[in-house]
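Given next are the chains, with one letter for each unit.
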Amino acid sequence: MQDDAILVEHSLRGDTRAFDTLVERYRDRVFSLAFRILGEASAAEDAMQESFLRAYTRLPLYDPKQPFSTWLLCLTARVCLNARRHQATEQRHLEQAAKAMPPAPSIEERLYEREQRRTLQRLLMRLPAPQRAAMLLYYYEELPVAEVARALEVPEGTVKTWLYRGRESLRRWLEEELG
Amino acid sequence: MRDACKPLEPLLHDYLEGWLAESQRASLLRHLQRCAACREKLRAWEQVGLALRALPRLPAPALVRAPIADPEPRVALRLALALCLPAAMLVAAYISHFQPPALEQIAPYAPLHTLAERAQEGLSLLWSWVRGML
Ligand SMILES: [Zn+2]
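If you read the sequences in order, they're chains G and W.
Just so it is clear: in the first sequence, position 5 is 5 by my numbering, and no numbers are missing.
Just so it is clear: in the second sequence, position 62 is 241 by my numbering, and no numbers are missing.
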């Protein structure tokens, strides 16, 4: 498998197939993150398109010292937060989140676990969007706090506070829901 | 008890994530030793973190094509050349002879398979460009 850095270099020289390979490699991750932030499959699909388009047009700005995946996922989070600003109907998304969830990848997945994950996704949607994005970049994508802060354009201390508050809110809500 | 612990919560979270300064660590550990509520909270937060990490990755719907857009007009020019030049050459050759040109007449300029390839390339470029604009 070719290194991301090499594929980026080839893309920059105009090799569109190299960029296609990067898209193929990351589309599930980009889509999943977008879905977790936006809570809706069609919105996530739009965000995925937009993210790859932006990644391509801004590729000359990418600093190879940072992993390509980090750069791409941070960019995706920003696209999602921008997209959300244009949505006037957050309340609708909030409760539709669970229903809109695409089928889970493994069919043999236990019904109970699936229900829990849907609950978690639904509760995530209750958090303020920037807090949710921070939670997902940090816990779900396991990016360092410094990168999350840079992506969301807030100080690291703010990210740490969001992570604590988000985690505590989820704990409380989960306890209320699951008993 | 719980109310008294509330101001400690951010520190507790820092501790869990390994961000707590060494100077604050000892006193927090002492508190943890005698406070079951805080220990329970740590355990619950850990579960939340694990649950978030365990959220499944979802299969992305198929992209029609990688949304590659090159806003530079040079692409359009290259495209026009790739598509129109060979066609113009064929037409010119046809008109000048009033009959279909023999393969070997085109060959010096562009073998047929190259023409087909370039047209294909042009079309896929055009397609990705249009997708990107949408
Ligand atoms: Zn305590």
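Hints were generated in silico from the structure; no laboratory data involved.
Check the hints yourself; a few may be wrong.
Calculated from the model, a selection of chain G residues having no Cβ within reach of chain W, i.e. all distances over 10 Å [what the hints assert, rightly or not]:
1. V8
2. A41
3. E142
Coverage of chain W stretches by chain G, computed from C-beta distances (three or more under 8 Å per stretch; other residues unrestricted) [said to hold, decoys possible]:
4. 200 to 214
5. 234 to 240
In silico contact screen, one side only, chain W against chain G (beta carbon under 8 Å); selected entries [what the hints assert, rightly or not]:
6. A183
7. P186
8. W224
9. V227
10. L231
Yeah, the Cβ is synthetic: ideal placement off N, Cα and C, and Gly gets one too.
Outcome of the hint check:
1. V8: Per Cβ check, V8 (chain G) is outside 10 Å of chain W; nearest 14 Å; holds.
2. A41: With a cut-off of 10 Å, A41 (chain G) comes too close to chain W, as the shortest Cβ separation is near 8 Å.
3. E142: violated, 7 Å
4. 200 to 214: Per the Cβ count (0), the hint is violated.
5. 234 to 240: Since 7 is at least three, the answer is holds.
6. A183: violated, 17 Å
7. P186: violated, 13 Å
8. W224: holds, 5 Å
9. V227: With Cβ-Cβ at 5 Å, under 8 Å, it holds.
10. L231: holds, 4 Å
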